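> First to last, the sequence lines map onto chains F and H. Its first residue numbered 1, the first sequence is counted upward by one per residue in the numbering used here. Its first residue numbered 315, the second sequence is counted upward by one per residue in the numbering used here.
Hints listed in this document are in silico derivations from the structure and should not be mistaken for laboratory results. Every value quoted in this text rests on a predicted model; they were computed, and no experiment measured them. For glycine and all other residues, C-beta sits at the position ideal for the given N, C-alpha and C. Please note that the accuracy of each hint is not assured.
Said to hold, decoys possible - Partial chain F-side listing against chain H, Cβ under 7 Å, derived:
1) 75
2) 112
3) 113
4) 116
5) 117
6) 123
7) 127
8) 286
9) 287
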Amino acid sequence: MTGGVTPLSAGWAPVVALVLLAGAVVAAALDAALDSVPAGRADRARPGRRRTVTAAVARLLRQRRRVPVAADVLLWRIGVAALPVAALLMAAVLPLGRWTLVDWPVGVVWFNAVDVAVWAAVWLAGWGPNSAHALIGGYRFLAQALAYELPLMFALTAPAVAAGTLRIGGVVQAQQSLWFVVWMPVAFLAFCLGVAGFSVFGPLSAPAGSDIAGGVLAEASGVDRLIVLAGRYLLLTAGSGFAAALFLGGGAGPLLPAWAWMALKTLAVLSALVVLRRRLPVLRPDRFMEVGWLVLVPVTLLQLLVVSVVVVAR
Amino acid sequence: MGVLSTVAFWVLAGVAVVFGALVFRVDSMARATYCLAASFVAVAVVLVLFRQDYLGVVTALMMIMEMAIMAVYMVMFMGMNPALMPMSMVHGRRTALGLSVGLFVVLTVGVLLVPWPSRRGTPIADVTRALGESIMGPKMLVMLTVSPVLFATIVAALVLAMPRGRYDRLGDDLRRRPPTDPQRGGVGR
Numbered sequence: 001m002t003g004g005v006t007p008l009s010a011g012w013a014p015v016v017a018l019v020l021l022a023g024a025v026v027a028a029a030l031d032a033a034l035d036s037v038p039a040g041r042a043d044r045a046r047p048g049r050r051r052t053v054t055a056a057v058a059r060l061l062r063q064r065r066r067v068p069v070a071a072d073v074l075l076w077r078i079g080v081a082a083l084p085v086a087a088l089l090m091a092a093v094l095p096l097g098r099w100t101l102v103d104w105p106v107g108v109v110w111f112n113a114v115d116v117a118v119w120a121a122v123w124l125a126g127w128g129p130n131s132a133h134a135l136i137g138g139y140r141f142l143a144q145a146l147a148y149e150l151p152l153m154f155a156l157t158a159p160a161v162a163a164g165t166l167r168i169g170g171v172v173q174a175q176q177s178l179w180f181v182v183w184m185p186v187a188f189l190a191f192c193l194g195v196a197g198f199s200v201f202g203p204l205s206a207p208a209g210s211d212i213a214g215g216v217l218a219e220a221s222g223v224d225r226l227i228v229l230a231g232r233y234l235l236l237t238a239g240s241g242f243a244a245a246l247f248l249g250g251g252a253g254p255l256l257p258a259w260a261w262m263a264l265k266t267l268a269v270l271s272a273l274v275v276l277r278r279r280l281p282v283l284r285p286d287r288f289m290e291v292g293w294l295v296l297v298p299v300t301l302l303q304l305l306v307v308s309v310v311v312v313a314r
Numbered sequence: 315m316g317v318l319s320t321v322a323f324w325v326l327a328g329v330a331v332v333f334g335a336l337v338f339r340v341d342s343m344a345r346a347t348y349c350l351a352a353s354f355v356a357v358a359v360v361l362v363l364f365r366q367d368y369l370g371v372v373t374a375l376m377m378i379m380e381m382a383i384m385a386v387y388m389v390m391f392m393g394m395n396p397a398l399m400p401m402s403m404v405h406g407r408r409t410a411l412g413l414s415v416g417l418f419v420v421l422t423v424g425v426l427l428v429p430w431p432s433r434r435g436t437p438i439a440d441v442t443r444a445l446g447e448s449i450m451g452p453k454m455l456v457m458l459t460v461s462p463v464l465f466a467t468i469v470a471a472l473v474l475a476m477p478r479g480r481y482d483r484l485g486d487d488l489r490r491r492p493p494t495d496p497q498r499g500g501v502g503r
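Model the full structure from these sequences, guided by the hints.
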C-alpha cells in the first residue's frame, strides 16, 4: 500500500529543496516585515530603516568570515551545514500533495531521527568557535532539547498510533474523515512547540539569545551566519509541513488540488509560528526543563493514552 | 545482496571501523564523541541495508541523542581542566590495546566460526516484525521484567547520587515554602 502518494524520482530532489527554500524565504520575509512594523515611538523615530531578507542575505554574503583563535573549524562547519541538510532530509519524506520524494514505511521515525540530529548540529555549532557565549548557547540547546524532545516524540506517536502506520502518506490518508488536530490538540501543540525547539525559534530561542550575545550565533559571520539563519527558517518550514501532514490532513481539502492545500496549511502553521514569536516571551532553559518534564511529558502521555484507547475501542 | 549493496556494506563497515579507531587518535573530547557517533550511524545504515529500516533509523536516533548528551559529560568529567583543551584520548595504553585487540580477534573468530544457516525460501515482507517476534515473542515475560528493573536501577542510582533531598529543600518538617533551591524550577514547586 502506498498510502495514496506517488514517490517521485531522485531527480525531483532539487525541486523539493527549492520548494522548501521558498517556504523559508516567505517565513523570513514575514518575520522581517513584522520587525519593521513600528511597535512604539522609539522605532518610529528611525523611518526608512526597513530590514529586508534580500538586504540581509546580500550583507552576509559580502561579509568576511571571522574565525576565532583555536576554533575547531571542522566541527563548526559540520554543525552549521547540518542545519539546512537536516531540513532537507525531513522534507524528503514529506508528502507534498500527491507526491513525495521518498515514501518510506518508517517516515515518522525518520523525521524524529533527523530532528535529534539537530541536537548534534546546534551543539557543534556552539562548540566549534571556541567561544564561551557560543558554547553556553550549545549547552542551553541540549538542556531544552531534553525537555521538548520527549513531548515531541509522544506527540509524533499519537498520529502514528491512530493511523496504524509509520508511513507519513498513511498518516495523511487516515485523516480523510477527521483531521487529527481535532481529537489530539495537545499532541498538535506539543508538536508545534517541538518545531520551535529544533528550529531554535521564538519561545525556545534562548540558545541564540541576545542575553548571551547571540549564543550559537555569537561568532558566526558571513556565509556561516547566513547558513545558520537560513537553516533555522528551513527547519521551521519543514516542521510546519509535518504539522500540516500529521495533524491537519495534509493535502485534503475541497476545490483546490492537494499540493495547494498542503502549501496553504504549511504556510498557515508557519505564519502562526512567526506571528506568535512576538506574542510569547523567550523561555529560560532551566525553567522550561521543569515545565517540560513535569507538565508536557505527562500531558502528552495522557493524550497518547486517550488516542490509544480510542483506537482500541474503535 | 546485489553488487551495489555489497559495496555499500563494505564501505560502511570500513567507515564504522575507521571512525571507531579515530576516537582514540583525535585530541578533543568533542571530536572523539562525534567520531563514535559517526561510527554508530554507519552501523545504523548497515541495518537499513539489511532491510531493518525501523531498527536502523531508531539506532541512528538513539546514538546521535546519546552522543550529544555524552559529549557534555565527557567534556565535564574527563581531563583535568576540564576537557575544553586538547588532550590525549588514551591512558593505560598497553593494557587497553592488548585487551581491545584480543576482544576484536575473539569476536571476529566467533563470527567466522559460527555455522550460520543458509537462506531457505525468501524473506517475508516485514522483516522488522519477524525479527521482533523471534527475539521477544517467546521471551515477553523476560522483556516485561527487564524494563522495570532497568528503570528502577536508573531511578535508584539517581536518588543515591542526588546531593540534595526533600529535607534540604523543604526543611526538617517539610513545611518551608517556597523551597530553597539553588535554581528555581519553572512550575513553582
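> Identify whether the interface hint at residue 287 of chain F stands, where standing means a beta carbon of chain H within less than 7 Å of its own.
3 Å, holds
> At a threshold of 7 Å, is the proposed contact between residue 286 of chain F and chain H supported by beta-carbon distances?
This interface hint holds because 6 Å falls under the 7 Å limit.
> Just to be careful: measuring from the Cβ of residue 127 of chain F to every Cβ in chain H, is the smallest value less than 7 Å?
Where the cut-off is 7 Å and the nearest Cβ of chain H is about 5 Å from residue 127 of chain F, the hint holds.
> Let's test the interface hint: is any C-beta of chain H closer than 7 Å to that of residue 123 of chain F?
Hint holds; residue 123 of chain F Cβ to chain H Cβ min 6 Å, cut 7 Å.
> A closest beta-carbon separation below 7 Å is what the hint needs, so does residue 75 of chain F meet it against chain H?
Since chain H brings a Cβ to about 6 Å from residue 75 of chain F, closer than 7 Å, the hint holds.
> Close enough to count: is the Cβ of residue 112 of chain F nearer than 7 Å to one in chain H?
6 Å, holds
> Hint check: is the beta carbon of residue 117 of chain F less than 7 Å from a beta carbon of chain H?
5 Å, holds
> Against chain H, run the beta carbon of residue 116 of chain F and see if the smallest gap drops under 7 Å.
Interface hint status for residue 116 of chain F: holds (5 Å vs cutoff 7 Å).
> Residue 113 of chain F was flagged as interface toward chain H. Is the shortest Cβ-Cβ separation under 7 Å?
4 Å, holds
The structure meets every hint from the earlier list without exception.
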